[in-house]
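Colleague: Chain B is already provided as a structure; the job is to place chain P on it using the hints.
Spelled out, the chains give:
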Amino acid sequence: MAAAPKIIVVGGGLAGLSAVIKIAEMGGNVDLFSIVPVKRSHSVCAQGGINAAKNLKGEGDSTWQHFDDTVYGGDFLANQPPVKAMCEAAPGIIDLLDRMGVPFNRTAEGLLDFRRFGGTLYNRTAFAGATTGQQLLYALDEQVRRYEAEGKVKKYEHWEFLSAVLDGNGVCRGICAIDLRSMEVRTFPADAIIICTGGIGAIFGKSTNSVVCTGSAQSALYQQGCYYANGEFIQVHPTSIPGEDKLRLMSESARGEGGRVWVPKKPGDNRDPKSIPESERWYFLEEWYPKYGNLVPRDVATRAIFKVVYEYHLGIDGKPMVYLDLTHIDRKILDRKLEGILEIYEKFVGDDPRVTPMKIFPGMHYTMGGLWIDYKQATNIPGIYSAGECEYQYHGANRLGANSLVSCIYGGAIAGPASVKYAQGLQGSSDGNGCFEAEKKKQEESNVRLMNNQGTENPFKLWHELGELMTKDCTVIRYNKNLEQTDAKLVELLERFRKVNLSDRTQWANTSVVFARQLYNMLQLSRVIAQGARMRDESRGAHYKPDFPERDDKNWLKTTKAYFAPDADEPKFEFEPVDVSLIPLRPRKYDVAK
Amino acid sequence: MANKSVILRIKRQPNPAAKAHWEEFELAYKPNMNVTSCLMEIAANPVTREGKATTPITYDSNCLEEVCGSCAMLINGRARMACSALIDHLEQPIRLEPFSKFPIVRDLATDRSVIFENLKAVKAWVPVDGTYDLGPGPRMTQEEQEGAYPLSRCISCTCCMEACPQFNEETGFVGAATISQVRLFNTHPTGKALKRERLAALMGDGGIQECGYAQNCVEVCPKDIPLTKAIAEVGGEVMKQAFVDLFRR
Chain B
1 MAAAPKIIVV GGGLAGLSAV IKIAEMGGNV DLFSIVPVKR SHSVCAQGGI NAAKNLKGEG
61 DSTWQHFDDT VYGGDFLANQ PPVKAMCEAA PGIIDLLDRM GVPFNRTAEG LLDFRRFGGT
121 LYNRTAFAGA TTGQQLLYAL DEQVRRYEAE GKVKKYEHWE FLSAVLDGNG VCRGICAIDL
181 RSMEVRTFPA DAIIICTGGI GAIFGKSTNS VVCTGSAQSA LYQQGCYYAN GEFIQVHPTS
241 IPGEDKLRLM SESARGEGGR VWVPKKPGDN RDPKSIPESE RWYFLEEWYP KYGNLVPRDV
301 ATRAIFKVVY EYHLGIDGKP MVYLDLTHID RKILDRKLEG ILEIYEKFVG DDPRVTPMKI
361 FPGMHYTMGG LWIDYKQATN IPGIYSAGEC EYQYHGANRL GANSLVSCIY GGAIAGPASV
421 KYAQGLQGSS DGNGCFEAEK KKQEESNVRL MNNQGTENPF KLWHELGELM TKDCTVIRYN
481 KNLEQTDAKL VELLERFRKV NLSDRTQWAN TSVVFARQLY NMLQLSRVIA QGARMRDESR
541 GAHYKPDFPE RDDKNWLKTT KAYFAPDADE PKFEFEPVDV SLIPLRPRKY DVAK
Chain P
595 MANKSVILRI KRQPNPAAKA HWEEFELAYK PNMNVTSCLM EIAANPVTRE GKATTPITYD
655 SNCLEEVCGS CAMLINGRAR MACSALIDHL EQPIRLEPFS KFPIVRDLAT DRSVIFENLK
715 AVKAWVPVDG TYDLGPGPRM TQEEQEGAYP LSRCISCTCC MEACPQFNEE TGFVGAATIS
775 QVRLFNTHPT GKALKRERLA ALMGDGGIQE CGYAQNCVEV CPKDIPLTKA IAEVGGEVMK
835 QAFVDLFRR
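Those protein sequence lines, which keep their order, are chains B and P.
Residues 1 to 594 (my numbering) are what the first sequence spells out, left to right.
Residues 595 to 843 (my numbering) are what the second sequence spells out, left to right.
So here's chain B without its partners, still in its complex pose (with noise of 0.2 Å):
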């Protein structure tokens, strides 16, 4: 064909930079949407490192050791082939970011320094200080404003997604998207178009994840026919900063560089942390897990702070909370390795985490589910690709620390070229027969529909409501009976939805109108959540279930996979098997080594 590809790439935190690099060195042509400017995308809070088996610490460690952590921290619910290409693809990608002048830290030799993180015994975590995800995202951030200063890539900053434009076949023919201060809505054709809108923590009100995180282009997606797959797991990080307006992430490396996790062994001890002796306090995890310790992966100590706190009534002050102590590790060391978090701790609840132990409890932070992709990051409709947290490839049941990194930078770099590839086989340009106008003017319908619907129901307030339902019954401890209470909740709340008031009903920077847009999407995408979580009776990785203890490989080693009914407006599912073609399946256990 004569013309370059034109490749659209929605959101441009690292998955997406990663993909437009790579169409751009293809000689592709890309326009990348982005609510907030590229450098600003929740890439930036990821703090403690990325994974890659570059075995430079001399532990024979290997790509293999780093696929079989994987799956089995994921506890054999993701597709085998993938994630061991990812495996080992991420020591070049790490020279890669290195070449791209991300500050590493670095040892005495001037090599790359790694650290251990939870779920293996490697030391094979790549950091920059405490803030590793804000070092790469400025990295790739770097390279594709070059890009741009070439003319390859023209950025719509502060555009957000609405859906994807689909022809009479079925075919994605580009997006239509909003300005978000004109309030414009606008179509943009495009041979292929690729998501990498990140995860959905709004869902769950209070989170780790940043304002934009609200999932509501997947949602959307989801809404016109693409399969959304194991929306069921939910990754809640066992250290988060409890917050008025978010929980904030207290990174996994602060463990890793020998954080140890305790409570006072007498519950209701008020006494200064520091004044309790070492007799009376109990590293449970420790205790529990003596192989691995405080870096046993998220769900596992998750769950283990749940249990001290709710069921040994253990925490501190009778409180939701535990100790993460960092105070007895040499001063400078933590400011060589941890700043960055040590600095937010600071900030933002006054205390220095050098002298006093922190004070912290589990909180929402990623979503192991997304969209569903094959294995060159390809939803089910045609043209639309996907690559990062909002897709579902690489991290099973439970996702380990520091390989979101490398499955953002791993996935943007197929779905690019992929995309490519497919735009260069597509037979001829098509007008999409009036698919454009009768796509924008569905999109301006449902915004005037909002502006002027006259309700009572404030959709702030019922996003609150949506988050502690989420939040109470759809994370770490799930009940059949709870699941389908929620579910009969999420009907009431699109049906409160309908008499949503917006209190703006101006034609400028409209954050309200946009906001219930979002809303709708998260409530639909809720669904899919609490559904898939009644249905699936095992419990794998982050998914719990007291009434069902035990994975399940009989009857549920399958991927979920959820497509929206139009006329039900409701979720139905499929299943499909898991491809455990490369490692056997084994119990997952971290009491001992495996």
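Treat each hint with caution, since some may be false.
Here are the simulated lysine-lysine pairs, DSBU-like style, with alpha carbons at most 30 Å apart [said to hold, decoys possible]:
| id | chain 1 | residue 1 | chain 2 | residue 2 |
| --- | --- | --- | --- | --- |
| 1 | P | K786 | B | K461 |
| 2 | B | K347 | P | K624 |
| 3 | P | K714 | B | K152 |
| 4 | B | K319 | P | K624 |
| 5 | B | K307 | B | K266 |
| 6 | B | K499 | B | K461 |
| 7 | B | K319 | B | K291 |
| 8 | B | K440 | B | K572 |
| 9 | B | K347 | P | K817 |
| 10 | B | K347 | P | K598 |
| 11 | B | K154 | P | K789 |
Where chain B lies over chain P, by a calculated footprint (3+ residues, C-beta under 8 Å) [unchecked claim]:
| id | stretch |
| --- | --- |
| 12 | 631-638 |
| 13 | 645-654 |
| 14 | 657-663 |
| 15 | 706-719 |
| 16 | 739-748 |
| 17 | 777-787 |
Over the 10 Å line for every Cβ pair with chain B, so calculated as not near, a few chain P residues [what the hints assert, rightly or not]:
| id | residue |
| --- | --- |
| 18 | S599 |
| 19 | I601 |
| 20 | P608 |
| 21 | K613 |
| 22 | G671 |
| 23 | R672 |
| 24 | E685 |
| 25 | F696 |
| 26 | P759 |
| 27 | M797 |
| 28 | G798 |
| 29 | Q803 |
| 30 | Q809 |
| 31 | T822 |
| 32 | E831 |
Think of the hints as simulated: they come from the structure by calculation, not from any bench.
Cβ atoms here follow ideal geometry from the backbone N, Cα and C, with glycine treated the same way.
Modeller: Okay, now just chain P, sitting in the frame of chain B:
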């Protein structure tokens, strides 16, 4: 000590053409409140202190942990990030205003895209050959890493530009953040390949010469970046470069 309520005075402007006005809000005090949590509460109940219904406040925000650089605004007259502005540490009534030196979008949101244009102008990137596998990057000592890392933590919040007396339409000054990035890339073993071009971009009107050494930048920087040090070092390099260029012609 805990106050019973929190009072905020917020400068409102519905669009760039409209006139600005002030609105006051009163919220029930809770521990651990920050400016962003207050703005979220107002969105859920947009009613002024006098009981008048109004619109939610438009403002930029994203990470809420002071790494994304979105929520910069003037809080009690000081350029800072709203997420890390804890209510307990602020004098009331708390005055919220948009940045004054950037085009207003609406309410507390301003258009600060000039910072990204500046980064483009100084080629703030490492010119890698490509993303194919070329082995590891250059070796670096711990000392070099420790020099680069603080500069690399710049969140492009533009607080340093808002606070700078020289940053205005008249001078067209690029501002401290961009100069510190020149410093960062000019010291990187591969990045320094573009050193001459970066220094050239900082010569002349709007360049580094506009700096008046007021030192406000380093004062307001939320990330404690050694901005004045970077400016001094780059300033010296620009002078040297200008001198060399003079004799090359």
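Colleague: Next, verify each hint and record whether it holds.
Modeller: Results for each hint:
no. : hint             : verdict
1   : P/K786 to B/K461 : violated (52 Å)
2   : B/K347 to P/K624 : holds (17 Å)
3   : P/K714 to B/K152 : holds (14 Å)
4   : B/K319 to P/K624 : holds (17 Å)
5   : B/K307 to B/K266 : holds (15 Å)
6   : B/K499 to B/K461 : holds (13 Å)
7   : B/K319 to B/K291 : holds (29 Å)
8   : B/K440 to B/K572 : holds (27 Å)
9   : B/K347 to P/K817 : holds (11 Å)
10  : B/K347 to P/K598 : holds (23 Å)
11  : B/K154 to P/K789 : holds (26 Å)
12  : 631-638          : holds (count 4)
13  : 645-654          : holds (count 6)
14  : 657-663          : holds (count 7)
15  : 706-719          : holds (count 7)
16  : 739-748          : holds (count 6)
17  : 777-787          : holds (count 4)
18  : S599             : holds (15 Å)
19  : I601             : holds (17 Å)
20  : P608             : violated (6 Å)
21  : K613             : holds (14 Å)
22  : G671             : holds (20 Å)
23  : R672             : holds (15 Å)
24  : E685             : holds (17 Å)
25  : F696             : holds (13 Å)
26  : P759             : holds (26 Å)
27  : M797             : holds (19 Å)
28  : G798             : holds (20 Å)
29  : Q803             : holds (24 Å)
30  : Q809             : holds (22 Å)
31  : T822             : holds (21 Å)
32  : E831             : holds (18 Å)
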